[in-house]
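Asks: The lines below spell out each chain.
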Amino acid sequence: MGGEERMNTDLVSMFFTFAKIGAFTLGGGYAMVPIMEKEIVDRKQWLTREEFMDILIVAQSTPGLFAINMASHIGNKARGVMGGIIGSLGVALPSIVSILFIAMFFRAFKENVYIEKIFMGVRPAVVALIAAPCFSMARTAKITLYNLWIPIVACILITAFDVSPIWIILVAGLAGFVWGRIRGEEKK
Amino acid sequence: MIFWQLFIVFTKIGAFNFGGGYAMLSLIHNEVVEKNEWLTSSEFTDIVAISQSTPGPIGINCATYTGYTAVMNEGYPEWMGILGAILTSLSVLWVPFLLMLTISKILLKYSKTSTITNIFSLLRPAIVGLIAAAAILLMSADNFGSPSESTFQFIASLLIFAFAFIGTRLFRVHPILMIILAGLAGLVIY
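If you're matching them up, the sequences are chains A and B in order. Sequential numbering from 0 applies to the first sequence in numbering that gives the first Met the number 0. Sequential numbering from 0 applies to the second sequence in numbering that gives the first Met the number 0.
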């Protein structure tokens with residue numbers, strides 16, 4: 000899919016979509032993935048699920064904030080550089096406004112007993128939200144019995160052996176490149 | 000000049016952070032608490048806790064808070080503090096933004112070539128493992144309560160987890176609605 004096809008969006012609605020994503024991401028990082036997937040792939044259809052995964056990989060292996068990386072690429076894909084700027088500002092805005100508010104007025108915010116109760120409920124749900132897309136993504140990644148070991152080994156290396164995801168990405172990318180070359184040679 | 004220092008330090012934090020989130024905390028602590036003494040160590044812990052319960056990436060949260068506090072501690076008026084918060088937040092963003100935009104342009108241009116296709120053919124299965132790992136690492140006592148200390152919270156957390164998982168997987172409940180429901184559940188049961 001090229002970047003040139005018409006996208007059903009204007010910059011204003013793009014800004015609000017990303018602001019919505021930013022507003023409901025608690026704790027940052029991967030917690031944002033399920034919400035982004037729903038909004039960007041299912042609803043707005045700015046990216047296919049496959050493109051979404053590809054950009055997830057790139058966002059994870061580039062320095063900087065994961066959310067900003069995602070927003071700037073998706074915005075750029077849908078509406079060019081302006082889209083990238085608007086997307087990034089949109090995703091950052093709820094964060095800036097809420098923390099500024101807290102810094103100014105509510106230093107005791109975190110001691111509020113109701114807030115704490117709400118977050119005791121929210122935290123396990125966020126973990127479930129992160130776990131759930133693994134299955135839809137497994138289909139997109141064309142995981143079969145033959146390559147099922149790849150995600151499993153990656154997962155074990157990270158959780159049990161504390162390997163940085165950066166290494167997994169580097170090795171998998173390099174292996175894909177070499178493997179593709181070898182298969183290309185065989186065809187000839 | 001405090002504004003210039005904030006800009007430099009948070010540009011550095013944004014540019015040298017891989018993988019986002021918690022990976023960036025030690026770097027922020029080093030710069031903000033130890034080197035520049037903009038925040039005390041306990042203020043820093045507070046902001047991490049606040050970041051857990053407010054929207055947005057933790058890096059931006061820290062930047063906003065530090066920007067405001069550092070400028071106010073220098074004795075500037077309120078509006079200068081707000082300006083400092085905005086400046087600091089943007090400082091942490093601009094390098095990753097430009098870098099990602101460049102990569103994005105390259106990726107869109109060459110996404111059809113066999114080299115890129117080959118690279119992503121093995122990366123896609125690997126990223127599924129990465130996300131599963133993130134979920135597993137988050138199944139901690141911080142998020143679920145510990146079974147020995149707070150049995151009720153632990154069991155309630157497991158139920159909320161199962162409910163949220165099934166809700167989003169099978170019934171396609173919107174993740175934002177799920178978070179709101181879980182928050183309400185917490186308010187009612189605890």
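I should point out that these hints are in silico values taken from the structure, not numbers from a laboratory. Computed from a predicted structure; not experimentally measured. For glycine and all other residues, C-beta sits at the position ideal for the given N, C-alpha and C. Check each hint, because a few of them may be wrong.
Listed next, the stretches of chain A that the computed footprint assigns to chain B, with coverage defined by at least 3 CB atoms under 8 Å from CB atoms of chain B [what the hints assert, rightly or not]:
#	region
1	11-19
2	33-44
3	133-139
Keeping only pairs whose Cα atoms sit at most 30 Å apart, straight-line, the calculated DSS-like set for lysine-lysine is [stated by the list, open to error]:
#	chain 1	residue 1	chain 2	residue 2
4	A	K116	A	K43
5	B	K111	B	K11
6	B	K108	A	K141
7	A	K37	B	K34
8	A	K19	B	K34
9	B	K34	B	K11
10	A	K116	A	K19
11	B	K104	A	K43
12	B	K11	A	K43
13	A	K141	B	K34
14	A	K116	B	K11
15	A	K43	B	K34
16	A	K116	B	K111
17	B	K11	A	K141
Ranges between beta-carbon positions, derived for each pair [claimed, not checked]:
#	chain 1	residue 1	chain 2	residue 2	range
18	B	I188	A	V11	26 to 34 Å
19	B	M79	A	I155	27 to 35 Å
20	B	V187	A	V11	45 to 53 Å
21	A	W148	B	T112	22 to 30 Å
22	B	I179	A	G79	28 to 36 Å
23	B	I7	A	G183	26 to 34 Å
24	B	I179	A	V11	52 to 60 Å
25	A	F134	B	W3	19 to 27 Å
26	B	S41	A	F134	35 to 43 Å
Asks: Each hint needs a verdict: does it hold in this structure or not?
Replies: Status of each hint after checking the structure:
1. Closer than 8 Å: that is the beta-carbon criterion, and the region 11-19 of chain A has 1 residues meeting it against chain B, so the requirement of 3 is violated.
2. Counting residues of the region 33-44 of chain A whose CB falls under 8 Å from any CB of chain B gives 3; the rule of at least 3 is met.
3. Three residues within the 8 Å Cβ limit are the bar, and the region 133-139 of chain A against chain B gives 5, so the coverage statement holds.
4. Restraint check for K116 (chain A) and K43 (chain A): the C-alpha separation of about 33 Å exceeds 30 Å, so the hint is violated.
5. Distance hint between K111 (chain B) and K11 (chain B) is unfulfilled; the C-alpha atoms sit about 34 Å from each other, more than 30 Å.
6. For the given pair, K108 (chain B) sits about 24 Å from K141 (chain A) by alpha-carbon distance, which is consistent with the 30 Å threshold.
7. Proposed proximity of K37 (chain A) and K34 (chain B) is contradicted: the alpha carbons are some 41 Å apart, above 30 Å.
8. Restraint check: the Cα-Cα separation between K19 (chain A) and K34 (chain B) comes to about 35 Å, which exceeds 30 Å; the hinted pair is violated.
9. A threshold of 30 Å between alpha carbons decides the hint, and for K34 (chain B) with K11 (chain B) the separation of about 13 Å falls inside it, so the pair holds.
10. Of the pairs offered as hints, the one joining K116 (chain A) and K19 (chain A) holds, with about 23 Å between alpha carbons and a cut-off of 30 Å not exceeded.
11. Simply put, K104 (chain B) and K43 (chain A) have alpha-carbon atoms about 21 Å apart, close enough for the 30 Å limit, and the pair holds.
12. Distance hint between K11 (chain B) and K43 (chain A) is unfulfilled; the C-alpha atoms sit about 34 Å from each other, more than 30 Å.
13. For the given pair, K141 (chain A) sits about 48 Å from K34 (chain B) by alpha-carbon distance, which is inconsistent with the 30 Å threshold.
14. Distance hint between K116 (chain A) and K11 (chain B) is unfulfilled; the C-alpha atoms sit about 36 Å from each other, more than 30 Å.
15. A hinted pair counts as satisfied when its Cα atoms are at most 30 Å apart, and K43 (chain A) with K34 (chain B) does not qualify at roughly 45 Å.
16. Between the alpha carbons of K116 (chain A) and K111 (chain B) the distance comes to roughly 49 Å, so the proposed pair goes past 30 Å and is violated.
17. For the suggested pair K11 (chain B) and K141 (chain A), the alpha carbons sit about 38 Å apart, so the restraint of at most 30 Å is broken.
18. A C-beta distance of roughly 40 Å is found between I188 (chain B) and V11 (chain A), which places it outside the suggested range of 26 to 34 Å.
19. Hint check: M79 (chain B) to I155 (chain A), Cβ distance near 51 Å, so the stated range 27 to 35 Å is violated.
20. As the Cβ distance of V187 (chain B) to V11 (chain A) is approximately 37 Å, the hint placing it in 45 to 53 Å is violated.
21. Under the hint 22 to 30 Å, the C-beta atoms of W148 (chain A) and T112 (chain B), about 27 Å apart, fit the expected range.
22. One distance hint, 28 to 36 Å for the beta-carbon pair I179 (chain B) and G79 (chain A), holds here, with the actual separation near 34 Å.
23. Between I7 (chain B) and G183 (chain A), the C-beta spacing of about 47 Å breaks the proposed range 26 to 34 Å.
24. A beta carbon spacing of about 25 Å between I179 (chain B) and V11 (chain A) contradicts the range 52 to 60 Å that was offered as a hint.
25. Between F134 (chain A) and W3 (chain B) the Cβ separation comes to about 49 Å, which falls outside the hinted range of 19 to 27 Å.
26. In this structure the supplied range 35 to 43 Å holds for S41 (chain B) paired with F134 (chain A), their Cβ-Cβ distance being about 42 Å.
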